[in-house]
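Q: The chain contents come next:
There are 2 protein chains.
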Amino acid sequence: MDSWVDGQPGDVLSLKDRGLAYGDGLFETIAVRSGQPVLLDRHLTRLVDGCARLAIATDLELVRHELLSYAAAMGEGVLKLILTRGDGLRGYAPDPAAQGRRILQGNPPAAYPATHAEHGIRLFPCNTRLSTQPLLAGLKHLNRLEQVLARAEWQDSEHAEGLMLDQAGRVVEGVYSNIFLVRDGGLITPDLKRCGVAGVMRAEILFQAESLAIPTQIADISLEQLQWADEVFVCNSVYGVWPVRACAALSWPVGPLTRKLQTIARALLDA
Amino acid sequence: MDSWVDGQPGDVLSLKDRGLAYGDGLFETIAVRSGQPVLLDRHLTRLVDGCARLAIATDLELVRHELLSYAAAMGEGVLKLILTRGDGLRGYAPDPAAQGRRILQGNPPAAYPATHAEHGIRLFPCNTRLSTQPLLAGLKHLNRLEQVLARAEWQDSEHAEGLMLDQAGRVVEGVYSNIFLVRDGGLITPDLKRCGVAGVMRAEILFQAESLAIPTQIADISLEQLQWADEVFVCNSVYGVWPVRACAALSWPVGPLTRKLQTIARALLDA
Numbered sequence: 001m002d003s004w005v006d007g008q009p010g011d012v013l014s015l016k017d018r019g020l021a022y023g024d025g026l027f028e029t030i031a032v033r034s035g036q037p038v039l040l041d042r043h044l045t046r047l048v049d050g051c052a053r054l055a056i057a058t059d060l061e062l063v064r065h066e067l068l069s070y071a072a073a074m075g076e077g078v079l080k081l082i083l084t085r086g087d088g089l090r091g092y093a094p095d096p097a098a099q100g101r102r103i104l105q106g107n108p109p110a111a112y113p114a115t116h117a118e119h120g121i122r123l124f125p126c127n128t129r130l131s132t133q134p135l136l137a138g139l140k141h142l143n144r145l146e147q148v149l150a151r152a153e154w155q156d157s158e159h160a161e162g163l164m165l166d167q168a169g170r171v172v173e174g175v176y177s178n179i180f181l182v183r184d185g186g187l188i189t190p191d192l193k194r195c196g197v198a199g200v201m202r203a204e205i206l207f208q209a210e211s212l213a214i215p216t217q218i219a220d221i222s223l224e225q226l227q228w229a230d231e232v233f234v235c236n237s238v239y240g241v242w243p244v245r246a247c248a249a250l251s252w253p254v255g256p257l258t259r260k261l262q263t264i265a266r267a268l269l270d271a
Numbered sequence: 272m273d274s275w276v277d278g279q280p281g282d283v284l285s286l287k288d289r290g291l292a293y294g295d296g297l298f299e300t301i302a303v304r305s306g307q308p309v310l311l312d313r314h315l316t317r318l319v320d321g322c323a324r325l326a327i328a329t330d331l332e333l334v335r336h337e338l339l340s341y342a343a344a345m346g347e348g349v350l351k352l353i354l355t356r357g358d359g360l361r362g363y364a365p366d367p368a369a370q371g372r373r374i375l376q377g378n379p380p381a382a383y384p385a386t387h388a389e390h391g392i393r394l395f396p397c398n399t400r401l402s403t404q405p406l407l408a409g410l411k412h413l414n415r416l417e418q419v420l421a422r423a424e425w426q427d428s429e430h431a432e433g434l435m436l437d438q439a440g441r442v443v444e445g446v447y448s449n450i451f452l453v454r455d456g457g458l459i460t461p462d463l464k465r466c467g468v469a470g471v472m473r474a475e476i477l478f479q480a481e482s483l484a485i486p487t488q489i490a491d492i493s494l495e496q497l498q499w500a501d502e503v504f505v506c507n508s509v510y511g512v513w514p515v516r517a518c519a520a521l522s523w524p525v526g527p528l529t530r531k532l533q534t535i536a537r538a539l540l541d542a
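Protein sequences, first through last, are from chains A and B. Each residue of the first sequence is one higher than the one before, counting from 1 in the working numbering. Each residue of the second sequence is one higher than the one before, counting from 272 in the working numbering.
Source of the hints: derived by calculation from the structure; they are not laboratory data. Hints may be right or wrong, so weigh each one.
Just a few of them, taken from the derived set where beta-carbon distance is under 8 angstroms, the chain B residues facing chain A [to be verified]: (1) D282; (2) A326; (3) L331; (4) R361; (5) Y363; (6) N378; (7) L406; (8) L413; (9) R422; (10) V446.
Listed below are the simulated EDC-like cross-link pairs for lysine to aspartate or glutamate, each with C-alpha atoms no more than 16 angstroms apart in a straight line [what the hints assert, rightly or not]: (11) K16/A / D491/B; (12) K287/B / D191/A; (13) K16/A / D282/B; (14) K464/B / D491/B.
All C-beta atoms, glycine included, are put in the ideal place defined by N, C-alpha and C.
Start from the sequences and build out the full structure, keeping to the hints where you can.
A: This is the structure in structure tokens:
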């Protein structure tokens, strides 16, 4: 399906766009099922938070309308929204009058091996560390060189994802996923106040866990805590939940709480 | 003058470009005088270093040839080269076979008030801190949200530049400049191993200082050291050297070593 730029079909972008010049923008990767964007409100909530923190002006109702129209035309697949600050002139100073530019791109459904969800995955232990930047932490912004470097660390198909630590060695996230630990029947997921992307599926799992009265904790997580976890899983808004079976010398079983949350995520994504 | 994309006139970019998706690329901002790119070899040296560290394939001689041709056609102004990893498919994994995409954009000469160079400038003390990322430190890559946030901190014309510190409070650079301190007849400029952009004019000034037997030091710099400097100046490859007269409550005179190096930079840029 053709991409849209500011609501019009098109496959090119102005060279003056600040998304290109500085990575000055945000994105959302949204699963589309039966013509509906999955977890749309959570995606829009994160987008609005990002626009506020980067001071990018955008018309939320217009974005919502375009996402719904585009998803309806797509049917099934993955919809990527890029929202940039629009064209720039010279230099870093943002034009306070600039309107965000909306780019919609459609892709076929992601084709991950079914075994990832069924039997779990192995994480590659990335050497690329995430830097601390509280002003950008949590946002899905366009400055993603750390993820590019981390993802380039392995080429084999044995590792479906990578594990990223921060500069102090704390466990933060996958390259394109968030991570949860299960311990004594409760969930722990890393605090993302210094770095990391606050994923939409992470938010949904925290919400579902609360509904199910599963104790949840958002905290700094050490490699030792990871080692002693009863279960480990990763998640994102496209594939749902994958059990993690191993990372380097560490290994975990696929456990019941992972399966329960995976079933919930699958129900959302198969709707 | 029209922009060029991979050697062809054009003003648009593929929406699949990884420069847009992830800021996956590098740039150089080059002064052009009498049809010649100024300090071209230094710009290319930094670009090659960036390509090696990001594993972006590029044909250096082709880049050099295009820069020379474009500059010759421009005559006077500022030439911006953006080199991205080219089109991507899905996900962060870089295609090892991808060829870098070359984008050339021409702008008229920068129109800074003459007083900046003559009487010196005031630096805005930015609250936005630079994050520590040794894998990217020194490179002029396309992930520049920290600079966008820092530059958005002031709108007045009283401040021509901003001062950026790292997370530990060390003095690192300006938003679009490098910084030098003069103390006891010698130069000190921040070590950029954790963060910051290793500017082409910074490299030239270090080289010129060595030729003149001026003692130079590349080191971590505290705010206390900044306070006790005899002179302070900032530099970049477009404007050359500006004396710094003040930053918040701190102030410095415009001194003889700043003037000497400013004259050298001006000779390069006025050639």
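Q: Run every hint past the structure and note whether it holds.
A: Okay, the hints, checked on the actual structure:
no. : hint            : verdict
1   : D282            : holds, 5 angstroms
2   : A326            : holds, 6 angstroms
3   : L331            : violated, 21 angstroms
4   : R361            : holds, 6 angstroms
5   : Y363            : holds, 4 angstroms
6   : N378            : holds, 6 angstroms
7   : L406            : holds, 6 angstroms
8   : L413            : holds, 6 angstroms
9   : R422            : holds, 4 angstroms
10  : V446            : holds, 6 angstroms
11  : K16/A / D491/B  : violated, 36 angstroms
12  : K287/B / D191/A : violated, 32 angstroms
13  : K16/A / D282/B  : holds, 8 angstroms
14  : K464/B / D491/B : holds, 10 angstroms
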